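Chemist: Same order as they appear, the protein sequences are chains A and B. Here our numbering is used: position 34 in the first sequence is 36, and no number is missing along the way. Here our numbering is used: position 91 in the second sequence is 94, and no number is missing along the way.
Note that these hints are calculated values from the structure, not bench results. Note that this is a predicted model, so its numbers are computed, not measured. Each residue gets a CB set at the ideal place from its N, CA and C atoms; glycine is no exception. Be aware that one or more of the hints could be misleading.
Here's a subset of chain B near chain A, in silico, CB distances under 7 Å, partners left out [unchecked claim]:
(1) Arg148
(2) Leu150
(3) Thr153
(4) Thr157
(5) Arg159
(6) Tyr161
(7) Leu174
(8) Pro175
(9) Trp252
Over 10 Å on every C-beta distance to chain B, these chain A residues come out as not near it, computed from the model [unchecked claim]:
(10) Leu72
(11) Leu117
(12) Arg121
(13) Asp144
(14) Ile146
(15) Asp147
(16) Glu178
(17) Ser182
(18) Arg188
(19) Tyr202
(20) Ser233
(21) Gln248
(22) Glu263
Okay, here's what each chain looks like letter by letter:
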Amino acid sequence: MTTTDSTTSAPHTATTILEVDDLAVTYGGRGNRVEAIGKIDLKVRKDEFICIVGPSGCGKTTLLKAIAGLLPPSRGRSRLHGNVITRPPAGLAVVFQDYGRSLFPWMSVRQNVALALRRGEQGRAAARKTVTDSVAAVGLSDFIDHYPWQLSGGMQQRVAIARALACKPEILLLDEPFASVDALVRSELEDLVLDVCAGYGVTALLVTHDIDEAVYMADRVVVLTKAPATSVRKEIVVDLPRPRNQLTTKTRAEFATHRAEIYQMIVDESPAAR
Amino acid sequence: MTAIRQRWLILLEAGATALIVAVVWLYTNVANGIVVVPARRILGAFREEWLFQHFVTDLLPSLERLAAGFALATLLGVGVGLLLGSFDTLYLIWQPVVNFLRSIPVVSLLPLALVVLGTDNTMKITVIAYATCWPILLNTTDGVRQLDPTLDMTARVYRITGVRRLVRVVLPAVSPRIFAGMRATLSYALLLLVVSEMIGSTSGVGFRILTSEQTYNIANMWAGILLLGIIGNVVNVLFVFAERRALRWYLRPGLSEVTV
Numbered sequence: 003m004t005t006t007d008s009t010t011s012a013p014h015t016a017t018t019i020l021e022v023d024d025l026a027v028t029y030g031g032r033g034n035r036v037e038a039i040g041k042i043d044l045k046v047r048k049d050e051f052i053c054i055v056g057p058s059g060c061g062k063t064t065l066l067k068a069i070a071g072l073l074p075p076s077r078g079r080s081r082l083h084g085n086v087i088t089r090p091p092a093g094l095a096v097v098f099q100d101y102g103r104s105l106f107p108w109m110s111v112r113q114n115v116a117l118a119l120r121r122g123e124q125g126r127a128a129a130r131k132t133v134t135d136s137v138a139a140v141g142l143s144d145f146i147d148h149y150p151w152q153l154s155g156g157m158q159q160r161v162a163i164a165r166a167l168a169c170k171p172e173i174l175l176l177d178e179p180f181a182s183v184d185a186l187v188r189s190e191l192e193d194l195v196l197d198v199c200a201g202y203g204v205t206a207l208l209v210t211h212d213i214d215e216a217v218y219m220a221d222r223v224v225v226l227t228k229a230p231a232t233s234v235r236k237e238i239v240v241d242l243p244r245p246r247n248q249l250t251t252k253t254r255a256e257f258a259t260h261r262a263e264i265y266q267m268i269v270d271e272s273p274a275a276r
Numbered sequence: 004m005t006a007i008r009q010r011w012l013i014l015l016e017a018g019a020t021a022l023i024v025a026v027v028w029l030y031t032n033v034a035n036g037i038v039v040v041p042a043r044r045i046l047g048a049f050r051e052e053w054l055f056q057h058f059v060t061d062l063l064p065s066l067e068r069l070a071a072g073f074a075l076a077t078l079l080g081v082g083v084g085l086l087l088g089s090f091d092t093l094y095l096i097w098q099p100v101v102n103f104l105r106s107i108p109v110v111s112l113l114p115l116a117l118v119v120l121g122t123d124n125t126m127k128i129t130v131i132a133y134a135t136c137w138p139i140l141l142n143t144t145d146g147v148r149q150l151d152p153t154l155d156m157t158a159r160v161y162r163i164t165g166v167r168r169l170v171r172v173v174l175p176a177v178s179p180r181i182f183a184g185m186r187a188t189l190s191y192a193l194l195l196l197v198v199s200e201m202i203g204s205t206s207g208v209g210f211r212i213l214t215s216e217q218t219y220n221i222a223n224m225w226a227g228i229l230l231l232g233i234i235g236n237v238v239n240v241l242f243v244f245a246e247r248r249a250l251r252w253y254l255r256p257g258l259s260e261v262t263v
């Protein structure tokens with residue numbers, strides 16, 4: 003719908019909140035060490051939406067886990083506001099691909115979301131409101147007392163997003179969050195994540211294998227090289243106007259240009275090439 | 004169609020049960036002898052023994068021992084299982100010990116239990132608890148060790164640690180395995196109850212069965228056996244009921260995938 007260029011893309015003067023320096027991850031031990039991630043350098047500025055794409059098996063998920071502090075890097079580090087991350091810090095939330103396993107099946111939607119809140123950080127009434135607000139933000143108010151297994155896949159992933167929002171993170175890491183839902187739900191969730199990130203003022207780092215998704219959502223797309231020793235091949239600034247729209251954004255010439263450029267890079271990097 | 008089929012199956016089940024009861028009834032009447040006693044007399048003995056005379060003196064003590072032993076086994080199995088499952092070093096050190104101990108037939112330890120603990124309730128409860136804690140312990144240990152990685156990462160992301168993690172995440176995740184272990188041990192508990200009451204005891208259902216046999220009161224012996232069958236069934240029904248309630252999220256209809 004937005005055809006006028008009201009650009010509110012990444013304010014380039016904004017402060018860096020997440021910084022990844024010289025990050026490497028090595029798997030295995032003596033004799034069969036595999037360097038999954040070779041060298042990643044990345045700066046994420048406040049309110050930016052970054053998408054990471056790369057050829058399949060290049061270690062996107064590994065990279066995200068290492069950044070989040072869920073996996074110890076073999077070299078380098080990631081820092082949130084200058085503090086080195088050794089385990090998931092406050093102010094950082096992660097949404098996993100496998101919503102079926104990241105939601106606790108013995109808890110209702112409300113309980114799952116409430117779990118993200120630190121005890122005693124806010125009063126009981128305030129905590130309750132935070133939970134209902136986050137559930138409302140993902141459009142599931144009517145299902146707040148349902149259990150995950152009573153919900154569809156797309157709805158379950160919405161719950162996971164609500165839970166991440168409830169702890170008011172500064173940065174949200176998303177690991178292929180829409181890979182397990184069908185195409186229609188996928189575009190719905192893409193728009194939902196863009197909306198809530200803008201609404202809650204959350205900076206986002208999203209890993210995906212889908213080039214269209216990356217260009218559609220990102221201010222900046224980070225293209226990775228193939229494994230082993232994955233590094234950043236190129237960063238592409240996407241200057242498409244916001245709010246993005248599934249119909250109009252994807253028909254713009256810049257969209258097609260970016261898409262083609264990234265596609266070519268990934269084909270070049272694919273293990274089958276050369 | 005399925006409703007009609009279901010009604011048929013229920014009818015079939017009831018019919019078969021009635022038939023078996025009738026056959027036993029007639030056979031025991033015809034074959035009346037030293038060991039085979041008419042069912043009518045067994046029921047009479049049952050009424051006298053277990054509904055009046057020995058309800059308080061023998062049945063209640065037996066049920067108490069069973070409940071205490073089983074509760075202790077659950078506490079022990081879950082507690083130690085959580086420890087062994089949570090700490091790799093502990094697991095490595097204790098796994099051979101656990102495997103050795105659980106391989107010893109418990110009945111062979113009864114003389115030892117008699118010497119060390121005497122003949123009172125403590126001995127019987129300890130024996131029941133010891134015998135039944137193993138499946139619960141092993142199931143709990145495995146469950147904790149095989150905790151789903153995504154579940155674990157989620158707990159780490161939201162900084163759920165320590166006791167909160169144990170109570171809100173680990174225990175619920177492992178509870179289906181704990182219940183499976185408990186169900187497997189329910190029949191052991193009954194077995195060990197009877198055996199421990201048959202050696203060095205002055206009360207209990209097992210004691211009554213043995214003394215009835217030794218005083219040639221065969222009808223009372225059969226009545227005791229009948230009672231054990233009833234106890235076993237009732238306990239199992241109660242357990243299944245409790246399990247269904249506790250694991251509603253897990254035993255939900257249409258379950259296709261197990262998350263633990």
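Chemist: Is A:Leu117 truly not at the interface, in the sense that its beta carbon sits beyond 10 Å from all beta carbons of chain B?
Modeler: Answer for A:Leu117: violated, closest chain B Cβ roughly 6 Å.
Chemist: Have a go at the B:Trp252 hint: is there a Cβ in chain A nearer than 7 Å to its own Cβ?
Modeler: holds (4 Å)
Chemist: Report holds or violated for the interface hint on B:Arg159, using the least CB-CB distance to chain A and a cut-off of 7 Å.
Modeler: Check passed: Cβ of B:Arg159 comes within 6 Å of chain A, closer than 7 Å.
Chemist: Compute the least Cβ-Cβ separation between A:Ile146 and chain B, then decide whether it is above 10 Å.
Modeler: holds (16 Å)
Chemist: Does the claim that A:Glu178 lies off the interface hold, with its Cβ farther than 10 Å from every Cβ of chain B?
Modeler: holds (13 Å)
Chemist: Since A:Ser233 was said not to touch the interface, does its Cβ keep a gap of more than 10 Å from each Cβ of chain B?
Modeler: Answer for A:Ser233: holds, closest chain B Cβ roughly 25 Å.
Chemist: So is A:Leu72 really clear of chain B, every C-beta pair being over 10 Å apart?
Modeler: violated (5 Å)
Chemist: So, as I understand it, the hint says B:Arg148 touches chain A; can you test that by seeing if any CB pair is closer than 7 Å?
Modeler: violated (17 Å)
Chemist: The hint names B:Thr153 as touching chain A; please verify it with the least Cβ-Cβ distance against 7 Å.
Modeler: holds (4 Å)
Chemist: Would the hint on B:Pro175 be counted as holding, given a Cβ-Cβ threshold of 7 Å to chain A?
Modeler: holds (4 Å)
Chemist: Would the hint on B:Leu150 be counted as holding, given a Cβ-Cβ threshold of 7 Å to chain A?
Modeler: violated (11 Å)
Chemist: Confirm or reject: A:Arg188 is not an interface residue toward chain B, with every Cβ-Cβ distance exceeding 10 Å.
Modeler: holds (20 Å)
Consistency with the previously given hints fails for numbers 1, 2, 7, 10, 11, 12, ordered from lowest to highest.
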